[in-house]
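Asker: Residue numbers (the numbering used here), protein chains in the order written: chain A, 1028 to 1446; chain B, 52 to 366; chain C, 148 to 568; chain D, 9 to 258.
Note that these hints are calculated values from the structure, not bench results. Fair warning: this is a prediction, and the values are worked out from it, not measured in the lab. Careful: at least some of the hints might be erroneous.
Unchecked claim - From chain C, some residues computed to sit far from chain A (all C-beta separations above 12 Å):
1) Ile283
2) Gly290
3) Leu333
4) His360
5) Leu444
6) Pro480
7) Ile485
8) Ala491
Claimed, not checked - Examples of chain C residues lying across from chain D (beta carbon under 8 Å, computed):
9) Asp312
10) Pro337
11) Phe338
12) Gly339
13) Arg351
14) Glu353
15) Val355
16) Gly356
17) His463
18) Arg472
19) Ser554
All C-beta atoms, glycine included, are put in the ideal place defined by N, C-alpha and C.
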Amino acid sequence: MNIKAFLAGLTLAIVGGLASMPAATADSIRVGVIEPLSGRVAAVGRDALNSFQFAAELVNSRGGVLGGKKIEVIGLDNAMKAEKTTEQLKKAVDMGLSYIIQGVGSNHALNIIKFVGKHNKRNPGKEILFLNHSAVTTAFTNELCSFWHFRFDANVDMKVAALVTQINRDPSIKKLYMLNQNYAYGKSFQAAARRLLAKRAPQVKVVGDELIVPFGKVQDFTPFIAKIKASGADTILTGNWGADMIRFVKGAVGSGLDAKFYTIYGGLTSSVGGYGTDGKKVNLKQVTEMHQNHPRLPKELVDYSAGYMAKYKDTFYADRQRWLILMLAAAIDKAGTADPIPVARALEGMSFPGPMGAVQMRASDHQMQMPLVVSTLTDKAPDPIFYKGKNFGVAFKTDGVAERKDTSLSTTCKMKRPN
Amino acid sequence: MEVLVFSIFNGLLYGMLLFMLASGLTLIFSLMGVLNFAHASFFMLGAYFAYQISGFIGFWPGLVFAPLIVGVIGAAVERYGLRPVHKFGHVAELLFTFGLAFVIEEVVQMIWGKVPVPYDIPETMNVAAFTWRGLDYSAYRLFMLGASVAIFLALFVFIAKTRTGLIIQAALTHPNIVSSLGHDVGKIFMWTFGFGCALAGVAGVIGGNVLGTEPSMAITLGPIVFVVIVIGGLGSLWGALIAALFIGIMDNLSISYDLSLYPVLALFGVEREVEGIMQDLVNLTTAGLAPVLPYLFLVLMLILRPRGLFGTRDV
Amino acid sequence: MAGLVRRHGMWVAAFAVMLVLPWIFQTGFAITMLNQIGVLIVFSLAYNMLLGQGGMLSFGHALYFGIAGYFTAHFLNGVGEDWLPYFPVTLLPIFGGLIGLFFGIGIGFVSTRRAGTVFAMISLGFAEMATALTLILVVFFNGEEGIQTDRMVGPEPLGITFGPDIHVYYLISFWCLVATAAMYVLTRTPFGRMSNAVRDNPERVEFVGYSTHRIRWLAFALSSFFAGLAGALHALNFEHVGFETIGLEQSGLALFMVWIGGARNFVGPILGAILITYLNSNLSDITDAWYLYLGILFMVIVMFTQGGLSGLVFMHEPIWKTDYRLFGRMMAPYALGIGSTIIAAIGVIGMFEMIYFLSTRVTEETIAVLYWMEVDAASALPWIACAAITAPGVAACRRTYPPMANSYNEAIAAVKGRMAP
Amino acid sequence: MKTPAVELRGVWKNFGNTEIIRGIDLAIEKDTIHAMIGPNGAGKSTIYNLITGRYHVDRGQILLNGEEITNQTPHEINRKGISRSFQVTNIFHRMSVFENIRCGMLWHRNYKYSFWNFLGRQGELNRRTEEIMVRTGLASRRDVLAGMLSYSDQRALEIAITLASGADVIMLDEPTSGMSHGETEQTVELIRKVARDKTLVIVEHDMGVVFDLAHTISVLVYGEIIACDVPQRIRGDRAVQEAYLGTEVA
C-alpha cells in the first residue's frame, strides 16, 4: 500500500498548522478567562467574558495598574468540556498567563484547582492563581481549599443560609418542600438546607425532600407537582437550574400550584427567558449579591450598570465579575508587582465596597464574605430585565437582605501556604 | 387507589405527547425502513417556527404553518439528502440522520441563539378547565390531549383507507414490495417523510410551549422517542400508542409511589447505614430511576423480542 | 536493520515520527494535543473494528472508554493512597483494556445477536443508561465532577515520574503504536477476515461454519479492550475522568472521526482522529461555526463517499501503482473541480460566519472580521459579495465535477486495460 | 443397509397458513449425486433451507449420516459436513475472490475464531485456496473484488466457496443458471470432478445437466415427492411426465 507517502504528506500538513501559536505581548497584565464560548451553554460563558472585559476597560480607563500597565482579558473556550478545559490551561501556561478566571461549572473549577495545584508544585516560579467567579461548591473553600484559589462568589452554603434567613422572616411559611438535582451540587444544597433549616428556622416543617435526575432528563414535572400539592407545602426550596428549573416552574404554573419558590438560580437571565409569560405568574425568589432594582445601590455601581447596559443591551445582573477585576487590580497595585504570590497575599483580607455593603476576601479560606439579597420576580418592578436588547417585562424586587453576619459560615479549611 | 388513577391520568397526558412525536417516526420507518435519528430535531424546528410565527400572527396560524414548513423541509431533506444515501443501506441512512440532527441543532443555535426562547401557551387557553386533587388542568392540556387523539384517529383512517396507507401496510410485511411500485415510489417516499416530519412539527408546536423551547430539547427528547417506537414495535401505530402511554404512566407511577430499593437489598442483609458504592444503591428510589427506566426497557425489549410489542418485523 | 526497514517501513517511519514530534512542538498545548491525538487514534481504531471491519454502528462505544478511564483513575488513587499495591503506571493501559474487555464481554453478549439498526439501538440504550448512572452511582462516578487523580505514584525508574507531559507523551505514543500494530495484525487473522465477512454478508457466514453472533461478540469484546486501553490513556493524560467521556457525545466523536477519515481502510480512523482533534483544538478558537462545519462535512461524506477522506485518496492507488503518468491528464479537471469547490466554500462559509456573528454578537457592533477583512455584516455589500462568490462557485462545481469524474474513470479504465492479459 | 448421507423423515413446513412442504421422506445415499427437480414454487429451495438450518422445521426429522440435525443453526449443520450454494448469488462483495474462497475454508481447516494466526503465513491454507481457484477457473481473477466480477464468474465463485469447506455433502442450488452453453459444460465437468467420494445434491432446471450427472432423481410437486428413482425410470414415470416433464422436455 502507498500509505507511506500519504502519512508523509499528512505530517507535513500538521507541522504547518501547529507552528502558529499565539505570541506573548509585553506590557500588559493578561488574564485568561476559561469559559464555554461555544456549544450549548456558550451564552453563559460569553456573558461572563463581557463582564470581565467591561470591568477591565474601567480599570484601563483609569490608567491601568502599576502606573500604566493595562489589564487584558483573553477568552479561552472550553466548550463546557473537561478535556478542553485542560487543553486551555496548557495554552494559558504556554502564553505565560498568571491569572486564570473561571466560574461556569463546578466540575471545571475543580479541574482547574487540581491542575493549578499540580502545576504550581511542579513549576515553582511560574505559579498561576485561579480566580473563581461563580463555581459554588462549598468544598472548594473547605476541605479542598487551596492557596491558589480565590472565590469571589458566595458558596452554596452561604446562599442557602441567606435563603433560610429570609424564610425565617416570613411567618406565612409553614410547610416547605425541597426538590433538588441528584448530583454533587444538588446534594450539597440539600445537606446545607437540612442543616440550616433545623438551626435557623425550626418552626418550618419540611414536608418533602426529593432528588431528581438532573440535566433536563425529566421532561414532565407534573408528578412532582402533584406530590408537592398533596403534601400541602406552601414553599419550595430548590437549587435547580437550567431546563430543570424552567420545566419545574412551567409545570407548577400550568397546574396552578401557588407555592413560593426559593431558588439560587431561578433568576438567571436564561431561565427567566425560558419561563415566558409564566414568569409573571410564578412567585419566584432568588438570592444574589445584587439586582438592579435594589434601592440604595452605590452611585458608582449604578453608573457602571448604565454603561454596561448601553454597551451590551443586557441588564447588569451580577456584580462579582466587576469586583473580581477591581480587587485584582487593587491587589496588584498594593503588591507593587504582578507576580502571583505577592498578589495573592495582598488579596487575602482585602475589602471592597459591594452593592449591599462591604465585602471581604476571608484570608483563612479565600472565600469572599458578603451580604446577599433575596428578591422576588415580578412584573411590577420599575426597571425590567433586558437581555440582548429584549425587554423581558419582569424583574426582581427586594424582599430582604441577609447581612454578612447571617451568611458568614465557619470553614474547615487548613490552608497550606507557600513559604 | 385515587393516586393510581390520578397518576395514570397524568401519564396519559404526557404519553400522548410522546405518541404525537413517535407516530411520524414510526410512519417513516414502516414505509422506508429508515430510523430517523433527526426526528426530534424536526420536533424542535416545529417549536421554533411556532414561536416565531406566533410572535407575528398568533398561535393558531402557527399551528398550521409551522408544521407545513417543517414538512416541506423534511420532504426536501428526503429528496436531496436521504435519497442519494439510500443505495448505501440502512446504516448509512441512520448515519445521515445522525449528522442531520447535529447540523439542525447548530443551525437552530445560529438563528435563535443558545438560550431558551419564550414560547408561550396562548393566553385564551391558559385557564383552568378543571381541578383535580388540587392540580389545575388548563384548557391547553385538554387541547393537547384532544389533538393527539385526533392525530391518532386521522392516521388510523389514513393508513386504512388511502392508497399510500395501503402501500405502507404492504411495505411493513413485505419490505421489497415498494420497489415494485413503479415510477411514483420516489414521490411517495418524499411526501411520507415530509408528512412524518410535519407530524413531529405539530408535536413541536403543541409541546414546545409546555416543555420549554431551547436548542437541547431535541437531544433530550430524541432517545425517549426511540424507546417508544422500539418498544411498541417499529411501524406499528398501535404499538407506538401503547408504548407511549406505558412510558408516560410508568414515569408518573414511579415518581408518585417513589419506592426504595432498600427493602429488596435488606433481604440480602444490607444495612441502611453502609458506606461506599452500596450507599448509592440503598438510597436508590424509583423516582430517581424514572428517567433510566425507559432505556432499561428498551434494552430488555431488544434483547428479548427485537420486533417490539406489536411489530411485524425486526428493527 | 535494512531488512527491518524494508519489511516494516511504515512502522519504523511511524516510530521515528513519534520520537521526533515533541522536538518540533514544544509547547504544553501542542503536547497535550498530541497526547489527545494518540489516545483518540486508539479509540477510533477500536471503534472502527466495530463499524468499518465488523459492520456494527454503535452509539455507545464510549462506555468502555469511559468506564476503563474511571477504573484507572480509582486504581491510581488507590495506589496513591496506599490501599492498593503498587502497579507500574506504564502498564496501566493493559489494566484499562481488561476492564473494557470485561464489560465488552458482558454487554457484547446480549447486544451482538443482531447487527444493523437493532445493534445501534441497543448501544444507544446502554449509553443513555450509563450516562444516567454516572449521576446516580455517585461513589464510583462522582457525578458531573468526575474522578480526579494523580499519575505521579510509586517509584520513579530512570527519572520517569510521569509528571511532565512529555513523559506521558512517550507513554501514550508507545501504547498507541503497540495498539495500532495489534489492531492491524488483527485485521490479518482468521477472526479479522471473518469479521469483514460478517459485515458484508452475515447470512453466508453462517453457511461457511461460523456463528455470526460469536464473531460479532468477539469483535465487540476485542474492540472494547482497545477502547478501554484508550480510556486508561485518557485518564493518565488528563488525570481526570468526567462523565462526558462515557456518553453519546464521545461515541459520536469517534463516529465522526472514523467516518470522515474513512471506515473502509485501516488508516482512515487514524487520519480522522488526527484531523478532527487538530481542528477541534484550533478551529473552535477561530470560528463559532466549527461544529456546524463539522456536521456538514460529515453529512457530505455520508452522502457522496462511503470511504471517507482516505477512501478518496486510496481510490487513486491503482492508478499510482500502474503508471503515475496517468495522473497527467487528470490534473486539469481535478484542479478545476477542486478550485470551484474552494470558491463555493469560501462564499458559503462567509455567509455562515456573518450569520453567526450577527446572532452571537454581544454589542451593537456590526463590523465583523471576515477573511482578514473588516466588513459590515449589517450592510448588504458583504452579503452580495459572498453570494457573488457562491453562485458562480456552485455553478462551476456543477460544470467541473462531471469532467473530474470522467478523467478518473478514464484513468481507471486505462489501468484495467493494462491489467487484462 | 447403509446409513444414508442425508435423510428426511416426514418433514413439514408452513408459512402462515400455507403448507409449503407436506410430509417429505427422502434418503440420499452416500457418495452419490442426487438431483431434485420440479416446477417453480414446488419447494426445492425450501427443502434446501430446511436441511441447512436456514428455516425452522415445523414437523419431522432431518438426519445427517444417521445423526439428527433438525433445527440446528446453519453454522452447526455446516460444521457437521453440509455445504451449500445459493440460487441468488450470495458472496462477500467487498472482498477479493481469493479472500472469499479462503473464508469458506477457514473453519474446516480448524482456524475457528483464531486471532493470533497471520493469514499470510498459513501456507497450506493459501495453497488449497489457490487450488480451488484454479479448479473453478477463477485464478485470473484472484485479486478482483467479488462485487466487480461478471455474473458467470460470481456463479463460479458461489460454487467455489461451497466447495472450499471440503464438506462431505455438497448441495448446489441451480449452479448453472444464467450461464452460457460453454460455461455450463465447464461447470458440469467441475461438479463431476468434485463429486468423487462426496455426496452431491443438486437442484437444476437444465434437464440435460440433470440426466447427465445424477445417480438418483427426486421429483417435487407442491411440496410432495411424487417420484424418487434412477434417471431412466424417472424418464419413464407417467406421473412425472404428466406433472412436470411432459411440458418441459417434450
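Asker: Just pull the numbers of the violated hints for me, sorted ascending.
Answerer: The structure breaks hints 1, 2, 9, 17, 18, 19; every other hint is satisfied.
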